[in-house]
Amino acid sequence: MKLRMKTAGVAAVSAALVLQLGCGSATTTNTASSSAAPKASEAAKDTSKETTAAKKDKVKLAFWDMHSDAESKFFKDLVDAYNKSQENVQIEYSTYDQGSYTTTKLPTGFASGEGPDIYMISPGDFMKFAKSGLMKDLTPDFPAGVKDDFLPASLDAVTYNGKIMALPFELELLGLYYNKEMLDKAGVQVPKTWDELHDAAKKLTADKVAGLIIPPDKGPYLNFIWYPLLWQQGGNVLTADGTKSTFNTPETAKALDFWGSFFKEGLSPKKLQLGPWEIENLGNKTAAMQIVGTWAINATEDKFKDVPIGLAPLPTPPGGKPATDAGGWKMAVNGQSKHADEAAKFVMWAFGSNDLSHALKWATEVKFAYSPRKSVVEKGKDIYTKGLRKVFTEEIYNSAIPEPRYPSEVVDAVGDAMQYVMYGKMSGADAAKAADAKINDLLSKQK
Amino acid sequence: MASRQSNARRTQEWLTAYSFLLPNILGLMTFVFIPIVYAFYVSLHDWNALSPKVFVGFQNYVTLMSDADWWHSVSRTLLFSVVYVPLLFCLALLSALLVSALRGRSVGAVRTMFLLPFAITSVISAIIAMFLLDPRNGLANQVLAAVGIGTQQFLGSPTQAIYCVIFTLLWINLGYNMTIFVSAIKEIPSDYFEAAHIDGATGFQRYRHITFPLLRETNTFILIVTTIASFQIFDQIMVMTKGGPMDSTEVSVLYIFKQAFQMLNMGYSSALAFVLFIIIFVLSMIQLKFFSSND
Chain R
1 MKLRMKTAGV
11 AAVSAALVLQ
21 LGCGSATTTN
31 TASSSAAPKA
41 SEAAKDTSKE
51 TTAAKKDKVK
61 LAFWDMHSDA
71 ESKFFKDLVD
81 AYNKSQENVQ
91 IEYSTYDQGS
101 YTTTKLPTGF
111 ASGEGPDIYM
121 ISPGDFMKFA
131 KSGLMKDLTP
141 DFPAGVKDDF
151 LPASLDAVTY
161 NGKIMALPFE
171 LELLGLYYNK
181 EMLDKAGVQV
191 PKTWDELHDA
201 AKKLTADKVA
211 GLIIPPDKGP
221 YLNFIWYPLL
231 WQQGGNVLTA
241 DGTKSTFNTP
251 ETAKALDFWG
261 SFFKEGLSPK
271 KLQLGPWEIE
281 NLGNKTAAMQ
291 IVGTWAINAT
301 EDKFKDVPIG
311 LAPLPTPPGG
321 KPATDAGGWK
331 MAVNGQSKHA
341 DEAAKFVMWA
351 FGSNDLSHAL
361 KWATEVKFAY
371 SPRKSVVEKG
381 KDIYTKGLRK
391 VFTEEIYNSA
401 IPEPRYPSEV
411 VDAVGDAMQY
421 VMYGKMSGAD
431 AAKAADAKIN
441 DLLSKQK
Chain U
1 MASRQSNARR
11 TQEWLTAYSF
21 LLPNILGLMT
31 FVFIPIVYAF
41 YVSLHDWNAL
51 SPKVFVGFQN
61 YVTLMSDADW
71 WHSVSRTLLF
81 SVVYVPLLFC
91 LALLSALLVS
101 ALRGRSVGAV
111 RTMFLLPFAI
121 TSVISAIIAM
131 FLLDPRNGLA
141 NQVLAAVGIG
151 TQQFLGSPTQ
161 AIYCVIFTLL
171 WINLGYNMTI
181 FVSAIKEIPS
191 DYFEAAHIDG
201 ATGFQRYRHI
211 TFPLLRETNT
221 FILIVTTIAS
231 FQIFDQIMVM
241 TKGGPMDSTE
251 VSVLYIFKQA
261 FQMLNMGYSS
271 ALAFVLFIII
281 FVLSMIQLKF
291 FSSND
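Residue numbers (this note's numbering), protein chains in the order written: chain R, 1 to 447; chain U, 1 to 295.
Please note that the accuracy of each hint is not assured.
To be verified - Short derived list, chain U residues pointing at chain R, Cβ under 7 Å:
#1 Ala17
#2 Tyr18
#3 Leu50
#4 Pro52
#5 Pro135
#6 Met263
#7 Leu264
Please keep in mind that the hints were generated in silico from the structure rather than gathered at the bench. Note that CB positions come from ideal geometry on N, CA and C, so glycine has one too.
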């Protein structure tokens, strides 16, 4: 009797210990995900003071952002200007760490019924939110004539079931940045083909200098940089309607092998101290070349103006055509919000109206990006031809293909294939075959 | 008369005891037990946090049985545990014995040194370890180069990464466990040691016949707690490798996090979490039975 009670007591204590430790590590997880992030989110709470003065019958909207520093200030100023101009609507602006924005912040917000009315969406997470009814159909909210001003491909990227579910406001293109001095010293020409890129990286790799910086870690960014290698050959991951995999092709195998060769031969580091999207890799002279995007240009002109950085279009394979990836965030309205129409009005006022000033300021002053609207690129002609931007505008812009919006499982399967080849576990052809089977399996399970 | 007084006193003791325990019980109920029950409820549904839940019964549990990626993550977690726990235990015990033997002012400084990686938050320690292990610029490779060993990829190598993570966690957690052992060793009456010394026992004999038996409860505690903790390491791995390269450091907790927050499979990840809970619980019971059976 006593022994059974003792065992029961011991079992209860063990269970309690296990659960308490579970609770303990859960709290450290939360601090980890918020402390492991760059700057952001200090501006989060001070905007609530503004809305306490709002009248009771005013419509209150919540706008959750993921930008930081100057970019966050831009959106906050936008919100302030809108609030001043509106009698019946007040928007509350807050911003959160980008790393956990789409993984934890938004899902938990929506799951608890306290999600925002206005938020940001990236191509990687587009499908999840579009399918769940959390994106309002913005097609009827466009002012007359504005829709035609958008590049068709940029609107296709946000269309689901024939409806435009988000408003694109930036296009970030990829190019090959390089250190002019290092190339000159090694007697290397700016690479135009895959073979030239590979040889250049080989010649430029030294003890403390990496030949080419490309992302090594799995995730949406890894795929984002790699897709052009596939597109240049005319290949793609899925069919146009997104129902079947087209991954098991010689084009995929070639793209995977080419990518993997940089890591296998030690031309690209397998572990980076700085993020692969940071131009500082070139700025601090620990690399000769880097594939990175339009967002890096401002840094090359102020922080790293003493480093001779050049820019060229991505090299192409024999018989291939130029192609680059066009990423960028989009604004979305919560389809289940009680005030979806008012929220949509703000989104259109910001980037979808005949007043181009916001779009121009965002794309040319706050950061450097392309606008998906032709009139904005036309209006900002002077900026778009300044310095390295000229290379993007004249040599890269026309080959841009919007970043695909695959389900996370597909992104993961492609990432696995890439890593198997990078670490020498499989050849490109085998990895393509394995991933193809996995992707078809995943697609068949989806609704 | 007397029995009524003692009854009243017992009731008062009982009330006092529970009123002290009440805040903790309420906290545990709200933040641990109720969410666990809710998680089990969620595990019976298909839910992506954005759309309404769809009841699927035990379908998630059936699916996870044939999920190769899940069972690979479990085997990685077990490998991690099997290497980490004994190493931590032995190193903590060894350093505790050495620190207990120290005399004078150096004791405080040595103890502080051991506890420092733990005190500055595990995530920051993990980041420091990442810099030390950087293949191109890290101190570790520079030291190896000085003794003639070539550059290692460490966290960039699918085979070395998990051992680097283990090494980092040993470095972080050594101080904490060592301190527990030091306190337990201090509890042992010095008369025992004096008597043994008079009888001519060597240091090792003193350890084997006095220290070790009297540390049994502490040993059991450290072993069980470290095993449970080893199944739940998340922050450091997330910061250092995010589960890579090539999923070689993707332990069960990381797999669950990926399913929950990247794939938004809330129901499925809740089922996985439950299975992990059962695995840890069974292991803890086995350890408890094994180590306290000699009572």
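Status of the hints after comparison with the structure:
no.: 1; hint: Ala17; result: violated, 16 Å
no.: 2; hint: Tyr18; result: violated, 16 Å
no.: 3; hint: Leu50; result: holds, 4 Å
no.: 4; hint: Pro52; result: violated, 9 Å
no.: 5; hint: Pro135; result: holds, 6 Å
no.: 6; hint: Met263; result: holds, 5 Å
no.: 7; hint: Leu264; result: holds, 6 Å
Checked against the numbered hints listed earlier, the structure breaks hints 1, 2, 4; every other hint is satisfied.
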